[in-house]
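Colleague: So the protein sequences, as listed, match chains X and C. Residues in the first sequence are numbered from 14 upward in steps of one, following our numbering. Residues in the second sequence are numbered from 14 upward in steps of one, following our numbering.
One thing to keep in mind: the hints can contain errors.
For chains that are exact copies, the list does not tell them apart, and a pair is met inside one copy or across any two.
[To be verified] For lysine-lysine, the following PhoX-like pairs were computed, each having C-alpha atoms within a straight-line distance of at most 25 angstroms:
1. K176 <-> K53
2. K25 <-> K140
3. K184 <-> K40
4. K158 <-> K38
5. K98 <-> K53
6. K98 <-> K123
7. K98 <-> K25
8. K98 <-> K38
9. K25 <-> K123
10. K131 <-> K25
11. K140 <-> K98
12. K40 <-> K176
Think of the hints as simulated: they come from the structure by calculation, not from any bench.
Protein chains: 2
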Amino acid sequence: MARHDASMSVIKRLPRYYRFLSDLKSKGVVRVSSRELSEKMGLTASQIRQDFNCFGGFGQQGYGYNVTQLHEEIGSILGLNFRFKAIIVGAGNLGRAIATHMSFEHRGFKLIGIFDNKESVTGQIIKGMPIRHISGLEDFFNENKPDVAILCIPYNAAPEVAKQLVDLGIKGFWNFSHYDLALQYPQIPVENVHLSDSLMTFCYKVKQATENE
Amino acid sequence: MARHDASMSVIKRLPRYYRFLSDLKSKGVVRVSSRELSEKMGLTASQIRQDFNCFGGFGQQGYGYNVTQLHEEIGSILGLNFRFKAIIVGAGNLGRAIATHMSFEHRGFKLIGIFDNKESVTGQIIKGMPIRHISGLEDFFNENKPDVAILCIPYNAAPEVAKQLVDLGIKGFWNFSHYDLALQYPQIPVENVHLSDSLMTFCYKVKQATENE
Chain X
14 MARHDASMSV IKRLPRYYRF LSDLKSKGVV RVSSRELSEK MGLTASQIRQ DFNCFGGFGQ
74 QGYGYNVTQL HEEIGSILGL NFRFKAIIVG AGNLGRAIAT HMSFEHRGFK LIGIFDNKES
134 VTGQIIKGMP IRHISGLEDF FNENKPDVAI LCIPYNAAPE VAKQLVDLGI KGFWNFSHYD
194 LALQYPQIPV ENVHLSDSLM TFCYKVKQAT ENE
Chain C
14 MARHDASMSV IKRLPRYYRF LSDLKSKGVV RVSSRELSEK MGLTASQIRQ DFNCFGGFGQ
74 QGYGYNVTQL HEEIGSILGL NFRFKAIIVG AGNLGRAIAT HMSFEHRGFK LIGIFDNKES
134 VTGQIIKGMP IRHISGLEDF FNENKPDVAI LCIPYNAAPE VAKQLVDLGI KGFWNFSHYD
194 LALQYPQIPV ENVHLSDSLM TFCYKVKQAT ENE
């Protein structure tokens, strides 16, 4: 069991395995071979076996994997059975979309609060909870002890909010802002979603494909 | 000039360089050394020089880079001066957030249409344009010739919509659904944004940090 030796690139593939297995499970599939998984996922079978070996195997040579068991194991490695308490900071379009669109409870989290700095949106209800004014963050924190924060705020607003959250004891950031939290707070887990970087990379790909036509 | 030899991992760093340079430019900074860039970006100076060498250099040894020029060059490599015509398919919370939140025009794209399969939202105005019913997709396509589609639809709806778009001649997908377009249509550029995978990876990181406390 070499759980902690798994590299980040293996870890980043686990959610995909988890999704595929959820799908198989919902279709009533009981067993799956690494060859079948590889065909459906566009990875080599040996890559898949190697990935699973990082966590001590899961399967018996030649018998394939038990879908339910593998699904549960991977979910548990990812920590999806946890209920880390999350708050969203920034209730603009993106923050609202994240609040309403994501299944936090199936991904290891529980959304417990949404904050914004605009008086005009304070009190509006999103996903059954009121948008709170950012000035109440400290009181909320002391009372509810959120574990992580989801930053849906602009670049310029991020340093101050991040510093306050770190001082209050936040344990992780899901970061949609472009502020480089990992550079500033290397001790705190950060997962970045850089939508404009993704859009620019997409632009490059489309441009290349168009030029090679 | 080895533009086409640049690996995808180099390409994926270009948007970050571009953002940093935009920031420097807006602050009136004229020149920047690879050492300064490296400190601000958490990369090594030699990594940065190597990345830029993939595109033929940009700088003179010892003089640093001209910020405006480098910014323009990288923008042009990414193709941000293009105006690829984009449509959004799926006007739920996520589609609306993408429509209103993203600066398409600074990222190589122009949003020209938003589609949904719900009659009840058809006609609603987002970013100055009406949500169109998906049944009008073909006519719209023939008239306006969109280049790319942004898929903000659920997994189950994706195969059919994707097939229709590919048949109509779409040239790229910015894909927020979990449908594996790259596996299905390997000839078409796809950039995926898997928000739930990112959330699960984040869960793993928080779990690991909590366990190592």
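Colleague: Give a verdict on every hint.
Modeller: Hints and how they fare:
In the homo-oligomer, the alpha carbons of K176 and K53 lie at most 25 angstroms apart only across protomers (18 angstroms), although the nearest pairing inside one protomer, at 43 angstroms, exceeds that limit. With identical chains, the CA atoms of K25 and K140 are never at most 25 angstroms apart, being 29 angstroms at best within one copy and 34 angstroms at best between copies. When the C-alpha separation of K184 and K40 is checked against a cutoff of 25 angstroms, the pair qualifies neither within a copy, at 37 angstroms, nor between copies, at 32 angstroms. With identical chains, the CA atoms of K158 and K38 are never at most 25 angstroms apart, being 35 angstroms at best within one copy and 40 angstroms at best between copies.
In this homomeric assembly, K98 and K53 never come within 25 angstroms of each other (Cα to Cα): the closest approach is 34 angstroms inside a single copy and 31 angstroms across copies. Within a single copy, K98 and K123 get their C-alpha atoms as close as 5 angstroms, which meets the 25 angstroms cut-off; across copies the closest is 38 angstroms, which misses it. Taking CA atoms no more than 25 angstroms apart as the test, K98 paired with K25 passes inside one copy only; the shortest distance there is 22 angstroms, against 32 angstroms between copies. Taking the shortest Cα distances, K98 and K38 never come within 25 angstroms of each other, neither inside one copy (28 angstroms) nor across copies (39 angstroms).
Taking CA atoms no more than 25 angstroms apart as the test, K25 paired with K123 passes inside one copy only; the shortest distance there is 21 angstroms, against 32 angstroms between copies. When the C-alpha separation of K131 and K25 is checked against a cutoff of 25 angstroms, the pair qualifies neither within a copy, at 36 angstroms, nor between copies, at 34 angstroms. Taking the closest pair of Cα atoms, K140 and K98 come within 25 angstroms of each other only inside a single copy of the chain (15 angstroms); across copies the shortest separation is 33 angstroms, beyond that limit. For the identical chains of this complex, K40 and K176 are inter-copy neighbours only, at 23 angstroms across copies versus 46 angstroms inside a copy, given an alpha-carbon limit of 25 angstroms.
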